[in-house]
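Could you put together the complete structure from these sequences and hints?
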Amino acid sequence: MSTDGEKIYSLAKRIFPIYRCLMGDGVRETLDILEENIDVNGQIRISRIEVPSGTEVFDWTIPMEWSVGEAYIENENGKRILDIRDNNLCLVGYSIPVDKWVDKEELLKCLYVQENQPDVIPYVTSYYKERYGFCMTKNMRDFLQEGKYHIYIDSQFFNGSLTYDEVVIQGESEEEIFFSTYICHPSMANNECSGPALMVELINYVSSLENRRYTYRFLFIPETIGAITYMSKNLDYMQAHIVAGFNLTCVGDDRDYSIVHTRYANTLADKALTNILSKRGKYSDYSFLQRGSDERQYNAPLAALPIVTYCRSKFHTFPEYHTSADDMDFVSSKGFQGSYDVMRELIQALEYNFYYKIKVCCEPQLGKRGLYPTISKKGNTDIVKNLMDFIAYADGTNDLFDISNIIGVPIRELLPEIIKLRENDLIEVNSHMKY
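First residue of the sequence shown? That's 50 in the working numbering, and the numbers climb one at a time after it.
These are computed hints drawn from the structure, not numbers from a lab. Check each hint, because a few of them may be wrong.
[To be verified] Mimicking PhoX-like on lysine-lysine, the simulated pairs with C-alpha atoms at most 20 Å apart in a straight line are:
| hint | residue 1 | residue 2 |
| --- | --- | --- |
| 1 | K383 | K328 |
| 2 | K406 | K469 |
| 3 | K178 | K153 |
| 4 | K149 | K128 |
| 5 | K197 | K158 |
| 6 | K158 | K178 |
| 7 | K469 | K408 |
| 8 | K383 | K434 |
| 9 | K149 | K187 |
| 10 | K328 | K408 |
| 11 | K331 | K383 |
| 12 | K197 | K178 |
| 13 | K328 | K282 |
| 14 | K197 | K153 |
| 15 | K383 | K62 |
| 16 | K197 | K128 |
| 17 | K383 | K408 |
| 18 | K434 | K406 |
| 19 | K417 | K469 |
| 20 | K320 | K331 |
| 21 | K408 | K434 |
| 22 | K56 | K434 |
So, in structure tokens, the structure goes:
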């Protein structure tokens, strides 16, 4: 039987070859595959939204849709030295159509390489300014011979639409936990395919939970313009209902765990994810000044949504980022399993996150409830230390994350103790501090 990490890796591998860009059939094909892997039941609502080109979304405008057939460079002998069919990073995204012969000097003007990484193809786009170009390794560029080259790009622009999927799983409350990831880059495994693949498995996990406290909302959107578009239609609702949110990107490697905070790092999302990561060992903690994904939009001053970004290795920090080296060998089932475990533990913690208050004065008599050894001897209290420490700080002013931080115990180890206390009617809970 496959592990969760193996299932996520397999899905990421399936969507890896698809040529995605900001909008278009690559995005729709990707969403179709993702939907196929969601365990649909009566609790899940999946919506496919199309927003037409030309639509004003805050200060932005949905651009034209773009598609490309063939795109290549060939030499005077008719040999193709670069072809989008070999690697879909070879073409600058949204390149205008071109069909002409040029000399080497002119060819070099439209080539993009990664100067400090001679063996990789960089990822380059030009969504909002007309141009064309190709990407190749620095080694390939440096060995180009003098002569004539045929540049051919069979692309077109047309009125289309920006496409995204929204998945909602209803809970007991109208308060929401929000997840977002993007589906707008070509073949890059960690940067692009990892977030959507992980989120599908999280949807399946959340839908399997009984008695969900929160409603869960999941977005598969194009980066930047997708978040802006969604917020332009839903910001008031988001501000009124989102309790905590998590943007997922670069979640498939196994080098690190990372959080990118909200602007002031003072939301439940900041507290929750920091707690979960800190109890797993070493992790990287980034302020909003080191932002770079859709947390930029969700935390903009007039939005101020409580949404952090979760990564394994953070975007911009690993050499494979936005290059052809970000392939399926860079991510792993182990890396995906780690991300899945973090997110599952996070969801469990949020479901149990209340302000807890013990109901009796002084220590409760736990022995008569079968919660404490009835024989007193050296070392016995170690068995119930987590339980006793939890009780000591259950004064109604600390939520679950606060208590976990104070006593230094992971929430996954506190949940069994909380269940015991609730079953024995020893604690009361409040969603907000009201004591």
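Verification of the hints:
1. K383 with K328: holds (19 Å)
2. K406 with K469: This hinted pair holds, its Cα atoms lying about 14 Å apart.
3. K178 with K153: Measuring from Cα to Cα gives roughly 24 Å; hence the hint is violated.
4. K149 with K128: holds (15 Å)
5. K197 with K158: The given pair, whose Cα atoms are some 14 Å apart, holds under the 20 Å limit.
6. K158 with K178: Holds, at about 16 Å.
7. K469 with K408: Given that 20 Å is the threshold and the Cα spacing comes to 14 Å, the pair holds.
8. K383 with K434: Measuring from Cα to Cα gives roughly 32 Å; hence the hint is violated.
9. K149 with K187: Since the Cα atoms of K149 and K187 sit roughly 23 Å apart, the hinted pair is violated (cutoff 20 Å).
10. K328 with K408: The given pair, whose Cα atoms are some 29 Å apart, is violated under the 20 Å limit.
11. K331 with K383: Given that 20 Å is the threshold and the Cα spacing comes to 17 Å, the pair holds.
12. K197 with K178: This hinted pair is violated, its Cα atoms lying about 27 Å apart.
13. K328 with K282: Roughly 37 Å separates the two Cα atoms, so the pair is violated.
14. K197 with K153: The given pair, whose Cα atoms are some 6 Å apart, holds under the 20 Å limit.
15. K383 with K62: holds (14 Å)
16. K197 with K128: Holds, at roughly 12 Å.
17. K383 with K408: Violated - the C-alpha atoms of K408 and K383 are around 43 Å apart, more than 20 Å.
18. K434 with K406: holds (18 Å)
19. K417 with K469: holds (13 Å)
20. K320 with K331: holds (16 Å)
21. K408 with K434: holds (19 Å)
22. K56 with K434: violated (38 Å)
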